[in-house]
Amino acid sequence: MKTNTLSTEAETRLLNFFNTKIDPQDMAKAIRQVNYILALGVMREHETLQNGIDNLENSFFWLNELAEVLNPYLENE
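Going by our numbering, the sequence shown opens with residue 5, and the numbers climb by one from there.
It is possible that some hints are incorrect.
Listed next, with one range per pair, are the computed distances between beta-carbon atoms [as the list claims (entries may be wrong)]:
| id | residue 1 | residue 2 | range |
| --- | --- | --- | --- |
| 1 | Glu13 | Leu44 | 34 to 42 Å |
| 2 | Thr16 | Gly45 | 30 to 38 Å |
| 3 | Thr24 | Met47 | 34 to 42 Å |
Hints in this document: simulated from the structure, not taken from any laboratory. Note that CB positions come from ideal geometry on N, CA and C, so glycine has one too.
Given these sequences and hints, build the entire structure.
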(Lines of atoms letter the chains of each structure in order from A and count residues from 1; the text may use other names and numbers.)
(Lines give C-alpha, C1' and ligand atoms only; values in the text may rest on other atoms or scores of the structure.)
Protein backbone atom coordinates (compact mmCIF):
# COMPACT_ATOMS: atom_id res chain seq x y z
CA MET A 1 0.00 0.00 0.00
CA LYS A 2 1.32 3.38 -0.97
CA THR A 3 1.47 6.01 1.75
CA ASN A 4 1.29 9.67 0.82
CA THR A 5 2.09 12.44 3.23
CA LEU A 6 0.34 15.77 3.26
CA SER A 7 2.19 18.97 2.69
CA THR A 8 2.41 21.41 5.56
CA GLU A 9 0.01 23.71 3.70
CA ALA A 10 -2.53 20.90 3.26
CA GLU A 11 -2.32 19.97 6.94
CA THR A 12 -2.79 23.60 7.95
CA ARG A 13 -5.80 23.99 5.66
CA LEU A 14 -7.41 20.78 6.96
CA LEU A 15 -6.86 21.80 10.58
CA ASN A 16 -8.29 25.24 9.87
CA PHE A 17 -11.30 23.71 8.11
CA PHE A 18 -12.12 21.37 10.98
CA ASN A 19 -11.37 23.92 13.69
CA THR A 20 -13.54 26.68 12.24
CA LYS A 21 -15.99 25.24 9.71
CA ILE A 22 -17.34 21.83 10.73
CA ASP A 23 -17.15 19.25 13.47
CA PRO A 24 -15.24 16.13 12.34
CA GLN A 25 -18.02 13.86 13.63
CA ASP A 26 -20.63 15.80 11.66
CA MET A 27 -18.45 15.60 8.55
CA ALA A 28 -17.98 11.84 9.00
CA LYS A 29 -21.75 11.41 9.37
CA ALA A 30 -22.39 13.43 6.22
CA ILE A 31 -19.79 11.41 4.26
CA ARG A 32 -21.36 8.13 5.36
CA GLN A 33 -24.86 9.35 4.43
CA VAL A 34 -23.76 10.56 0.99
CA ASN A 35 -21.82 7.35 0.39
CA TYR A 36 -24.89 5.28 1.26
CA ILE A 37 -27.21 7.35 -0.96
CA LEU A 38 -24.77 7.21 -3.88
CA ALA A 39 -24.45 3.45 -3.55
CA LEU A 40 -28.22 2.98 -3.51
CA GLY A 41 -28.69 5.29 -6.47
CA VAL A 42 -26.07 3.52 -8.57
CA MET A 43 -27.41 0.07 -7.71
CA ARG A 44 -31.00 1.02 -8.47
CA GLU A 45 -30.19 2.78 -11.73
CA HIS A 46 -27.68 0.23 -13.04
CA GLU A 47 -28.44 -3.18 -11.60
CA THR A 48 -26.11 -4.87 -14.07
CA LEU A 49 -23.48 -2.11 -14.15
CA GLN A 50 -20.12 -3.57 -15.13
CA ASN A 51 -18.24 -0.62 -16.57
CA GLY A 52 -16.57 1.40 -13.84
CA ILE A 53 -17.48 -0.94 -11.00
CA ASP A 54 -13.87 -0.98 -9.75
CA ASN A 55 -13.82 2.81 -9.73
CA LEU A 56 -17.09 2.94 -7.78
CA GLU A 57 -15.87 0.37 -5.26
CA ASN A 58 -12.68 2.33 -4.74
CA SER A 59 -14.62 5.58 -4.31
CA PHE A 60 -16.94 4.08 -1.71
CA PHE A 61 -13.98 2.51 0.10
CA TRP A 62 -11.98 5.74 0.29
CA LEU A 63 -14.98 7.81 1.37
CA ASN A 64 -15.59 5.35 4.19
CA GLU A 65 -11.90 5.44 5.13
CA LEU A 66 -12.06 9.24 5.31
CA ALA A 67 -15.14 9.03 7.51
CA GLU A 68 -13.30 6.60 9.80
CA VAL A 69 -10.34 8.99 10.09
CA LEU A 70 -12.72 11.77 11.11
CA ASN A 71 -14.82 9.66 13.47
CA PRO A 72 -13.58 6.10 14.07
CA TYR A 73 -16.74 4.48 15.42
CA LEU A 74 -16.19 1.20 13.55
CA GLU A 75 -13.07 0.35 15.56
CA ASN A 76 -13.37 -2.29 18.27
CA GLU A 77 -12.75 -1.05 21.77
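Results for each hint:
One distance hint, 34 to 42 Å for the beta-carbon pair Glu13 and Leu44, holds here, with the actual separation near 36 Å. The supplied range of 30 to 38 Å is met by Thr16 and Gly45, whose beta-carbon atoms lie about 35 Å from each other. For the pair Thr24 and Met47, the supplied restraint of 34 to 42 Å holds, since their beta-carbon distance comes to about 37 Å.
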